[in-house]
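Q: My request is simple: use the sequences and hints to build the entire structure.
The primary structure of each chain is shown beneath.
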Amino acid sequence: MGFEIGVDIGGTFTDVVCRADDGSVRIAKLPTTRNDPSRAVLAALEMAKRDWGVEPTAIHRFVHGTTVATNAVLERRGARIGLITTEGFRDVLEIGRQMRHQMYDLVLQPETPVFLAPGRYRKEVRERIDAQGAVLVPLDETTVRQAVMDLTSAGVQAIAVCLLFSFLDPTHERRIRSIIAETHPALPVSLSSDVDPAFREYERTCVTAFDAYIKPVVADYLANMEHGLHTAGLSVPLQVMQSRGGLMSSAVARQRPVRLFLSGPAAGVIGGLEAGRAAGFADLITVDIGGTSCDIALIGNGAPLIRSEGVIDGYTVRVPMVDVTAIGAGGGSLAWLDGAGSLRVGPHSAGSEPGPACYGRGGPDPTVTDASVVLGYIDPQHFAGGTLQLQPNLARTAIATVAGPLGMTVEQTALGIHRVLNAQMAEAIRLVSIGRGIDPRGFALLPLGGGGPMHACALADELGITAIVVPAHPGVLSAAGLLGASVEHEVSAAFPRPLASLQPDHLDAALQDLDERATALMLAEGTAATDIRHFADVCYIGQSYHLEVPLDSHDPTMIYAAFLAAHDQVYGHSTDVPAKLVNLRSVHRAAGGPVAAGATTPSHGAPPTTRSIHLVSGSTPAAIWQRDAITVDTRIPGPAIIEQADTTVLVEPGWTARRTKGDALLLERTP
Amino acid sequence: MIDPITIEVTRHKLEGIANEMQSTLLRSSFSPIVKEGLDASAGLFTADGQTLAQACAIPIHLATLIPVLRKIIETFPPDRMHPGDTFLLNDPYTGGTHLPDIAIVQPIIHRGVLIAFSAAMTHHQDMGGMSAGSVPTNATEIYQEGLRLPPLKFRDAGTINETLVAIIRQNVRIPDTVMGDINAQVAACSIGARRLSELADRHGHNALTAIFAELLDRSETMTRKALARIPAGTYRYTDFLDNDGIDLDRPIRIEVAVTIGPNGIHIDFTGTSPQVRGPLNCVPSGSLAAACFAIRALTDPAIPTNAGCFRPISLHLPVGSLVNPQEPAPVNARTSTIKRITGAIIGAVAQAIPGRVPAASAGEMALVAFGGRHPRGGAFVTGDLIASGSGASAISDGVDVIETDATNCMNLPAEAIEMETPIRLNRVALRPDSGGPGTHRGGLGTIREYEVLVDDVTFTHRGERHFSAARGMAGGGDGARAHSAIHRRDGSIETIPSKTVTRLMRGDRIVLQTAGGAGYGDPADRDPAATAADIADGKISPP
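If you read the protein sequences in the order shown, they are chains A and B.
Here numbering that gives the first Met the number 0 is used: the first residue of the first sequence is 0, the next is one more, and so on.
Here numbering that gives the first Met the number 0 is used: the first residue of the second sequence is 0, the next is one more, and so on.
Keep in mind that a hint or two might mislead.
[Stated by the list, open to error] A partial selection of chain B residues facing chain A, derived with a Cβ cut-off under 7 Å:
id: 1; residue: Glu7
id: 2; residue: Ser27
id: 3; residue: Pro58
id: 4; residue: Gly270
id: 5; residue: Pro300
id: 6; residue: Pro357
id: 7; residue: His373
id: 8; residue: Ser389
id: 9; residue: Ile401
id: 10; residue: Met409
id: 11; residue: Ala413
id: 12; residue: Met418
id: 13; residue: Arg426
id: 14; residue: Val427
id: 15; residue: Thr499
id: 16; residue: Thr501
It should be emphasised that the hints constitute simulated quantities derived from the structure, not laboratory data.
All C-beta atoms in this analysis are idealised placements derived from N, C-alpha and C, irrespective of residue type, glycine included.
A: Below, the structure is given as structure tokens:
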């Protein structure tokens, strides 16, 4: 029998999901080996062989979600790069858009990633292309050779090139690449016309510089990983998750490393999408509550929302990404009293070290997790599958420090901490939804992470949501998502022209060009697209923000109608003034395997026990179920707790839980 | 006694409602100034007009709705307000800020009782008057600035005042856009009213208004505690605006005496210039916005922002001065004034808490606007807002080319300007040697060079810091002054005296250099490695 393996490397744990050809699924969590993540992967393969009998030669697919790109930026481990720009525009990377993020701070911080290429590593070349794509000043190759010599003798390990209007005519950028290759054939080069051929020079320069910065790191990492897999006896190509939520081969990833940002969270959203689909829901809000943050994503009509840019270490980077919004609220969020004696929760967190007070690692301050222990939601003996013995007395002591001044009991205060956190998260979810033109009431809630399922009923009640889907393995959903994802390649190009003067044959030709490039990328993966979609970025003339519109037709009238519909959904109105095209995009996809979460874990039928828990309505006995004891015929009315190794589900009064055929738990409002 | 958890939960809901109102406002507005400039804000106010929760993307909006609410309550007695009523005003002399800012206010009436107001302020793209966009730098009377709307009822129990709509439509250059944006404001207010009524259903309006009072008191307590940590005393600061755009040789004095004491913070503007002929006058809400920004920046950022934070503020604004002008003085360019007032208040308080406050930022947001005929047909108008350098602090250099204090605007990409207009940018660069020297160097200004590619372009330039520098602190040097010039095609060069409205011909170039932030600490104490890095990176010239 053959196997597929998905490995997601997170900051703390490396999650492994193994799916056999018969559909059975096994999961494991291993500690991440930070200095060489490939060691954890090799350890996972060894464990799979030892514990599961999975021979390396029987593995026919290996998919990987990685933080290498993001970590290279966070830890400033990228390459020393040089940046080549049009004469007069050397400082664009440093000036940026001049807006600040912290409005009320007196001591300001730079808002642009100057560390990528400080002034001494930025060189200008004489050339100019105008806004119509015509060459105004031909490329002066002497200035190019001088710039390359200056940069290479300064020791740069990669070069980024961003010239004005190169998205209209890439000739000068390509010529610069050739000139670099003449003297330094092995030096990695990133051209803005390849990385992000779209207008706005700061945003394009920034993403191109990031691409060059992480290129050598990503290449080394992937080579190391491939070598390790080869040594372990695997003979399949390595596939990695992109920030857009599709897979690509490591060979292509080396060429477009910037597409690996936030690969892990993207995999989580794809995992959520697959789990929701298996339970019969195409419209989902995923809420991943971890220790320090809560990540919110929307899935509409079976597809994740994609945004055209994301945030890496506080810098906005124009890479298409699964639209995930993070807020500073999680199990480790600290409860504290402000100057007027009000109870506040977050945004500071106890993190994983020292962690919540109940971890017994010296953290004195009360957290949300401590509240969960006091309220009886978490069984101190069986936290994280019994790997960590919690100390409820420490949780009580910590919460008592804020309960005293509030004049409340420890239990009331613990409930208060949950209520305040839930109010913050509910408002954040509402804002994310309405900001994208979505009414959350029609969506199902898909809680993830160790903390998600404990808060799901409260959040759903606040938001008017009537269905909650808890996947079989919410703690390893990213790894599961890897196995469910499609191979996907996206190629785009600037195509600025008014919709009114659009000639369909020009559009056909431009899309054909994009399709050829996407097909080549798919071929490099050894696969072919089963699904090809075209999109256009469209905006009203005179406005510079745009909307992505599916190109179901090449008829300008139909494109315009689709634009108005999209505008109406996102902005609440549309008006029939002229619009223009900005960019074109082609997305090629080869569908992934069947749903990873489709495991059939045997039910052992252990009867539920009872324990007292505290709810807003008062203290009450609740049935305590083990997840694997629940069969498809079981109906669990709240109040109840469902425990499993990677999470705890709180079924509040008014809700009933049952198990779906796809092995998820479905919580519905009790009629 | 209200349960303290319910108070905190309600606070999050109120902030959530304000954010939802703001999101609706930004989403459903038509004009780019709202969508991209985020020049709009929305919030909830108590039944007596105090700020309960407000979402704003630009600090200048912090206080702008406060006098509006006061005026509406004064003009329309609350006991005669009905559900579905909506009020409107934009007149700076009856509670507004400048004419493009229209305020919309809705009473929230729950079971017959007025419990709160929802309100929204939007900078509209045009309000009529002598120039497109309604911010003429050469206005000398408010009548030239556009249509003035005193407090009026826009909807009466849900019925729209069609007379008022007809008057507005007839007086503005882009009636559909203006009415679209007004409707977005009404939609935002309606969402606020609906969600607050739901809260009142849950808690009862008496309990809810008691929570409001408690929330304001708590923020006031925290603000007073934070202010008490600033040594009591009176601190003074004087700074200058370049000129008013009319009398080009006359700098405008801004003087503040900030007294921190047991009663809070009192700001006396005695000594500030009399009102000016040009549009840099600033009605009282502008000085209040500056003071509110200073309070937020100088106290604990974790304090929830509401009227409680602003209670410790009192202002003395001499009648007939720049900060309390009398009709019909023009006011449209008051943003520059608010920025300088904000800097002056912060600069004064800095003396009380040495080390905590950076040296002066240049606080210049230069505005250039070009208008003319596009060679491919039709008119074009484009405006660019350009930042300057921030002040250095005790711990770090100033930031180069960054928005500071009361504003927060983006510049335009060269590629956007060139695709939309017959203007080319030849240069976008840091301005070397413009940061004030110091142990920590002030942030650099920027150089931008625009070249016009057609004849007969109307050009407006509104600068600051051309004639007065951002002042160094603790031995640090001043930032460089701004400088702008027109390089005519024939080779002649005309220096721009901070403000001008003129005509450009094909081949003329504007070279604009914004000011630098001031330095902090003795330059002799600067780390030699930092100086070497600045030289290597081209930020300062080699000695």
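Q: For each hint, tell me whether it holds in the structure or not.
A: Verification of the supplied hints:
The restraint placing Glu7 (chain B) at the interface with chain A holds, with a minimum CB-CB distance near 5 Å, inside the 7 Å limit. Proximity of Ser27 (chain B) to chain A holds as hinted, the smallest CB-CB distance being about 4 Å (cut-off 7 Å). Because the beta carbon of Pro58 (chain B) sits about 6 Å from the nearest beta carbon in chain A, less than 7 Å, this interface hint is met. The interface hint given for Gly270 (chain B) is broken, as the beta carbon of that residue sits about 25 Å from the closest beta carbon of chain A, more than 7 Å.
Restraint check, Pro300 (chain B) versus chain A: the minimum CB separation of about 6 Å is within 7 Å; hint holds. Here the hint on Pro357 (chain B) is kept, as its CB sits about 6 Å from the closest CB of chain A, short of 7 Å. Taking 7 Å as the C-beta cut-off, the interface hint given for His373 (chain B) is violated, the closest approach to chain A being about 12 Å. Given hint, Ser389 (chain B) at the interface with chain A, holds; its Cβ is 5 Å from that chain's nearest Cβ, closer than 7 Å.
A hinted interface residue such as Ile401 (chain B) counts as satisfied when its beta carbon comes closer than 7 Å to some beta carbon of chain A; here the least separation is about 6 Å, so the hint holds. The beta carbon of Met409 (chain B) comes within 4 Å of a beta carbon in chain A, closer than 7 Å, and the hint placing it at the interface holds. Hint status for Ala413 (chain B) relative to chain A: holds, with the closest Cβ pair at about 6 Å, below 7 Å. Restraint check, Met418 (chain B) versus chain A: the minimum CB separation of about 5 Å is within 7 Å; hint holds.
At about 4 Å, the closest approach between the beta carbon of Arg426 (chain B) and any beta carbon in chain A falls short of 7 Å, and the interface hint on this residue holds. With a cut of 7 Å, the hint placing Val427 (chain B) at the interface with chain A holds, because the nearest CB-to-CB distance is about 6 Å. Given hint, Thr499 (chain B) at the interface with chain A, is violated; its Cβ is 23 Å from that chain's nearest Cβ, farther than 7 Å. Using the Cβ-Cβ criterion of 7 Å, the hint placing Thr501 (chain B) at the interface with chain A is not satisfied: the shortest such distance is roughly 24 Å.
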